[in-house]
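Once you've looked at the hints, go ahead and assemble the two chains, each given alone in its own frame, into the complex.
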Amino acid sequence: MKAKKLWKRLKKEKTVQLYVLLGMVFLFVFKYIPMFGIIIAFKDYQLKTGIAGFFTSPWNHFKHFKEFFGFYRFAEILKNTLVISLWKLLFSLVMPLFLALVINEISNKALKRFAQTATYLPHFISWIIIAAISFTFFSQDNGVINHILIKLHMTKAALPFLSDPDYFYGMAVFTGTWKESGWWAIIYLSAMAGIDPGLYESADLDGATRLQKIKFITLPSILPSIVVVSILSIGSLLGGGLVGSNFEQCYLMGNNSNNGASEIIQTYAFKVGMLNARYDFATAIDLLQSLTSVILIFGSNAVSKKVTKQGLF
Amino acid sequence: MRKRILSMMICTAVLMGLMAGCGNSQEPEKEARQESGIDESVPVQKQGTDDDVVTIDLFVAENWFTCKDWSGAVCDAITEATGVKFNVTIATDYNQLPVLVASGDAPEMVFSSVDYNLMSNSEVSYDWGSLIEQYCPDWEIPEETKALYTMSDGKFYTLLNSYSTEEEWSNDPIAAPATMAGLAVNDDIMKELGNPEINTLDDLDAVFAQVKEKYPDVVPLVMNSVWMSMYFAEEMGVNREASFYVADNGDVKYWINQPGQLDFYKKMNEWYRKGYIMAENYAFNNEDEPLQYAINGRCFAYAYTSRAADTINDRIQANGGTLHYSALINHLTDHPVFTYTWTGWAGTYITKNCKNPEAAIKVMQFLHSDEGQKLSSWGIEGEDYTLSEDGAYPVFISSRTDYDAMAKRGLPNWGLMGGSGVIECLANYTEDSEFAKTIKAQKPYVYYNSYLGLIKPESGTEEYDIKINIDEMVKNETAKIFLADSEEECETAYNSMLNTAADMGLEKLEAYATQVYQEKRK
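Protein chains in written order, with this note's numbering: chain A, 1 to 313; chain B, 1 to 522.
Rather than coming from a laboratory, the hints here were simulated on the basis of the structure. None of these values were measured; they are calculated from a predicted model. Do not take every clue at face value.
[Unchecked claim] Straight-line alpha carbon distances no greater than 30 Å define the calculated DSSO-like cross-link-like pairs of lysine-lysine that follow: (1) A:63 x A:14; (2) B:214 x A:48; (3) B:146 x A:48; (4) B:362 x B:520; (5) B:267 x B:437; (6) A:156 x B:214; (7) A:48 x B:508; (8) A:271 x B:508.
Next up, chain B with everything else stripped away, as it sits in the complex (with noise of 0.2 Å):
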C-alpha cells in the first residue's frame, strides 16, 4: 500500500511538472520570456520607483555583451545626465527575440544587430521621426542619415550605430573607415630578406617566393578565416565590401561580376598553385586557428582587417613573445579601392511596450550626442581617459582589453547603442600603432557609398530568396576557383559560377537592386 501511495505520488508531481511546463495562461509574460529563454533571475524593475529616475527595461539580443546589468561609474553617469536607467536582459540567442515579438511580449526597447526589418514596423516599434518632433525637436539628424534607414512607410526606427556620413568621416583629421582589410607581414623575416621593398603585387610576388624557398615550414601566406582575401581585392581594385557594385552605365550589379575580379581570383588560384597559400586555409572554421599560425611565426604575412599586426602584436605580447609584425602600408596597385558601403550593425528599438517613450527617445538623443558618445564609448575624461595633445583622439588610463574590469566601469557596450563610425574608430587609435598607419594610408582611397549598403532584400520576397541562394552558391564555388589546378581551371569555374548565377535569378536581382538603390538616391 505504501509503495503505491509513493508511485502515486512520484506520478503526480511529475504530472504537474508536465503541466507547469506546457503554461499557464494566468501569466502570459512569464511564459513568453521562459519559452524564451530569458533569465528570470533578473527582477523585473517597475519604471519611476526611484524617485525621478525613469526604469526601462532594456533587451540586448547579443549574447557576448560583457556588460550583463545597468552599473558602473560610466552608467550611473549617463543615467544623472538622461535621468533613465535600464533593466538589462541579455539573450542566450538570437531566436528570443522574435519569439518574443511573435507573442506580443516585445520589451520595452531593443538592442539587436539581426533583427532590423522585424523591428523596422510600425506595429513593432514606434518610429523615432514622430518621437523626436514630438519630445526633442532640437535632436538634428543629417537628411542622409535619416534617409538610409527609412523604411518602405516613409518612417524610420532606429539609428544604426558605427556608421557615420562621408562628411563627417573627412572632417575628422584622423578617423577612418575601420570596416577594411589590411596585411601583416613578419618583421623578423623582412628583415632576413633585406627588406625588400614590396610597392607591387609583383615585389608581393617575389617575397613570397623567397619565403617559400628559405623557409619551407613557413606558409607565405595566412588568411583570416572571415576576411579571407579582401585585402588583395581591396588592393586590386575590386569592391568586396558590399554585395553590390556600381556599374559604368549606373545600374546596380551583384559583386562577382565586377571589372577585375576574374584578374583578382586568377591571382590567388596562382599563389594557391604555387603553394604561397595552403588549400586548407578554406577549411578554417574559426578565425583563431589561422591566427595562431602568426602568433607562432609559422607564417610570413596574414591577412585580416587594418588592425591585423596590432592584433597579432597584441597576443604574442600577452603571450611574453618577441616576434613582431607590421602592417603593409605600401599599395600593390595604383588604383586600390577601400569601399565604404557600411550603414551600421545594430540598432536600438524603442517598442509600442515601452512605457515611457519620452525618456527613451531622450536616452537614445544623449547617447547620440557627442558629449553621450563619448561618454559610453571612451569613459569618463579623467578617469578612463584622458585627451592626446591637440584634442584629436582619446589616450586611454587603464586597460581596454580587460573587458572584465571595463563591464565594472560600464564599458564599453553601452557605447554601442549611440556611438559613431568616427567615435568608434578613435576608441581604437593608439599614436603610431600599425592600425593608426594603415588607415592613414588608406583614407585616401576610401569610395564612400551607403547607400549600396541599403539593398538587402526583405525576408519573404523572392529576391531576398534568390540573393541568400547566390550568396550560398558563390561561398561553395568561390572555393573551387581559389583551388583549381590550373588558370584555365580557374576561370572555366569562374565562368560557370556566373551561368549558374544568372540561371538562379540574378537579373531579376539586379533590377531589383537598381530599382532600391536608384529610390533612395532621390
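So here's chain A without its partners, still in its complex pose (with noise of 0.2 Å):
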C-alpha cells in the first residue's frame, strides 16, 4: 500500500524527479564508479596494464601505507599539513565572519557594495596568478614588501620570504585567507539579511550599542550558518579548510629552500606518486587522507550537535 502511495506520489512529482534522477546519475557515474579505482592503493599497479590491472595486479599486504609511514620525513610532512590547515581553518572561520560583520555594519549602500565585491574578487584570480604576484611583492631583492619594510626602518636587510621555511606557514595562511575570506563572507551576509530588523529596531529602542547588536542579535542569528561552514570547513580541514587550496599554494609557492614547511602530505603524493608513474602510492596517500577528512566531518558534526545543538546532518 505504501510502495503504491509513493509510487503514485513519484509518477505526480516526475519532471522534478528526473533532475533528481540526473543528479544521482551524475553522482553515480562520476563519483562513486571511480572509487573503485582505491583498490589499486592495496596493489602493485602499473599503468600499463590498464583497468584490467586492477583486478591482475598483486596485493601488497598494505606496503605503501607502510612506506609513507616510515619515509624519513612522514612527521615533517604530516607537521606540516597539520599547522597550515589549523591556522588557515582559524582564520577561515574568523576572518569571513569579521568580514561580514564589517561590511554589514557600513550604512553607505554604495559604499557597502564596493566593500563586498572588492573582498570577493580575489577568489576568482587563480593561484598560479597568486603565486606569481607573491613572488613579485614578496622578493628578497626587489619586491615591494621588502622595499617598504626598509624603508619604513621595520628591518635592516630585507626578508628572505619565498626562500626561508620560517616564513612558509605566514605566507600560505595570509595568502590564502586574502583570497577567499570575501567570498565566504557572502554566505554570512545573506544570513544576516535575513534577521528581523524589527529586533534591531527594539534594541535601538532599549539603547543597545552596536557592539551589543552584534553580540545578543547578529551573532545568535547566523549561529546555524556559522555551524554548518565550520563543519564543512573540519571535513576539508587536510585541504585548507574554507580556504582551501592548500596543495596548489605549497606546489606553486613551495621550493627546495622552503621545501622544510611546504612539502605536504598533498605535495609528496603527487611528486613521488603521479610525477613518477607510481598511481598506487599516490592512491594509497590520498585515500589516507580522504579517511582522515571523513572520520573529521563525522567527529564535528557530533560535536556540534552536542554542544550547539545545531548539525549538518
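Here's what the structure looks like:
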C-alpha cells in the first residue's frame, strides 16, 4: 500500500524527480564508479596493465601505507599539513565572519557594495597568478614589501619570505585568507540579511550599542550558518578548510629552499606518486587523507550537535 | 503543460549529453581518442589514398612542438624521398599516450621523450632489429648504439635522437656534446674591473668580491633554476650530468658520494655565505626569473649551459639593449670533467597497430641517414642553409629563432625523429659565437660513458622506488647544504644526506646499478 502511494507520488512529481535522477546518475557515474580505483592503493599496480590491472595486479599487504609511515620525512610532512591547515581553519572561520560583520555595519550602500565586491574578487584569481604576484611582492631582492619594510626601518636587511621555511606558514595563511575571506563572507551576509529588522529597532529603543547588537542579535541569529560552515570547514581541514587550495599553494609557492615547511601530504603524493607514475602509492596516500577527512566531518558534526544542538546531518 | 514539456525536453537533452560523455561502444577508437583529449578536428587519413604515398598516423607526445602538421617544403622533400607522409596528432600532455596504449589504441607511430619503457615492449611496438633485417638490411647501425637501446628481451624498439658515439664526436672537428654547463660573465663589469684574469676558483672568488663591493646592486652570481651549480661541479671534476659514476674499484655508485663532492658543496656554500649567491636563487621555479637578472645587467655571472652567453646576448639584442656577456672559457681547475652519459632523449616507435611497418622503418632509415638528418634538421641546402667554406657546418639563410616561419617550412621538429647529437650540435654552431668557443674549450675534457646513462630502473621495481625517493630527498637536502650558516653545518648537512640515502636503500640501488652497467658493458 505504501509502495503504491510512493509510486503515485513519484509519478505526480515526475518532472522534478527527473532532475533528481539526473543528479544521482551524475554522482554515480563520476563519483562512485571511479571510487573503485581505490583498490590500487592495496596493490602493486602498473599503468601499462590498464583497467584490467585493477584486478590482476598482486596485493601488496599494505606496502604503500607502510612505506609512507616509514618515510623519513613523514612527521615533518604531517606537521606541515596540520599546521598550515589548522592556521587556515582558524583564520578562514574568523576572518570571513569579521569581514561580514564589518561590511554589514556599513550604512552607505554604495560603499557597502564596493567593499563586498572588492573583497570577494580575489576569489576568482587563480593560484598560479597569485603565486606569481607573491613572488613579485615578496622577493628578497626587489620585492615591494621588502622595500617598504626597509624604508620604514622595520627591518635592516630584506627578509627572505620566499626562501626561508620560517616564513612559509605565514605566507600560506595570509595569501589564502586574503583570497577567500570575501567569498565566504557572502554566506554570513546573506544570513544577516534574513534577520528581522524589528530586533535591531527594539535594541535601538533599549539603547543597545553596535557591539551589543552584534553580540546579542547578529551572532545568535547566524549561528546555524556558522555551524554549517564550521563543519564543512573541518571536514576539508587537510585540504585547507574554507580557504582550500593547500595543494596549489604549497606546490606553486613551495621550492627547494622552503621545502621543509612547504611539503605537505598532497604535494608529496603528487611528486612521488603522480610525477613518477606511482599511481598506486599516490592513491594510498590520498586514501589516508580522505579517511581522515571523513572522520573529521563526522566527529565535528557529532560534537556540534552535542554542544550547539545544531548539525549538518 | 508547455512548461512541463519544455522541462522534459531539457532533462532529456542533458541526460543524452551525459550518456554521450560516458562513451559509445560502437566507436571504441574514437572513444579512446576523446578520453585522451586528442584533437578530433585532425582528420584521420587512410593509408595509401594519395596514389603511391603512404600516410601513417604519427602521435607526438610533446605538446611544445611548433610543427603541428606534416607540411612545408622540408616535409614535402622527405615525402618525395621516402614516399611517406604523416598524419600528425600532437598531444596536449604526457598522460595521453599511456591511456591510448593501455586501451589498445596506440597510434601507428609514436614520438615521445618520456615513454621509453612503456613503448619498448614487444606487446606494444615492433622491434627494429627484425624490421631492419626484413625490410632494410642495408641499414648499418653501430653495435654500441644498438646495445644502448637493447631491452631485457634482447630487442631494441627505437634509436633515441640527439645521441652520437664517442667515435662520431671525435670524428667531427667541431661538434662537441651540447649537454655541458657553461658560465657567462658581464663584459662591461669585467672591463671596468680591468679585465682580471680568471684561471682558478680563487681568481673567480676575488672577482666576485670586487663585484660585491663595487656594485652593491649587482648579484655576483645567478644560476639557472634547472642547471644550477652544474658548471662549477664540472669545473671541479665532479660529475653532475648523470645519476651514477664509476668508482675506482669498478663499482657503480650514486653521484652524491663522489670524490670532490663535499669540496664542491663547501665552495658553493662559502659563496652563499659571502653573499655572492642569493638564497632566493634556490626558490626560482622557472628559468626566466634568473635569466632576467642577466638580461637586465643585475648579475655579473650567469651559470647555465654552454649556450649561456649566447642566450643572454640574443635576448638583450632582441630587446634593443647594448649589454654583452662572454663565455668564461678558461678552466677553473686543472681537472675539469664534462661527463657525457647521454643516450638521447626521445624516440620514435612503430607500434603493432602500424598498418605498413615496412614504410615506417624505411622512413626512419632515411631520417637517420646523413642526408635525412641534414634535410629534416637543417632544411634544404640552398634554400634554408649553405655549407661553410670548409663544409664543416651549416650557415643558415633564414632565422633559426623565428619558430613560426620555420614551422611553415617544416622545421625544426621533424629533425628530432632521427637527428644525432653531432647534427644537432652543428645546427647551433656559429663561427665565433660564445657557444663555439665554449665547446672548443670543453671538448678535450669530455668523459664519454653512455652506459652510465642506461641505468634507469624500470617503473614498478623496488630499485625504481628507491631511486625516486632518494632523488627527491637529495633535491630537498641539497638546498640545506648550500644554504647552511657555516662550513661545519654544511658538512653536517651533507653527512646527514648520505646517512639518509643509506637508510633509504642506497646500497641496494648501487648493487643494481653495478649489475646493469656490467651487463651492458659486455
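Going through the hints against the structure:
1. A:63 x A:14: Since the Cα atoms of residue 63 of chain A and residue 14 of chain A sit roughly 50 Å apart, the hinted pair is violated (cutoff 30 Å).
2. B:214 x A:48: violated (59 Å)
3. B:146 x A:48: holds (25 Å)
4. B:362 x B:520: holds (28 Å)
5. B:267 x B:437: Holds - the C-alpha atoms of residue 437 of chain B and residue 267 of chain B are around 26 Å apart, at most 30 Å.
6. A:156 x B:214: holds (20 Å)
7. A:48 x B:508: Within the cut-off at roughly 26 Å; holds.
8. A:271 x B:508: holds (23 Å)
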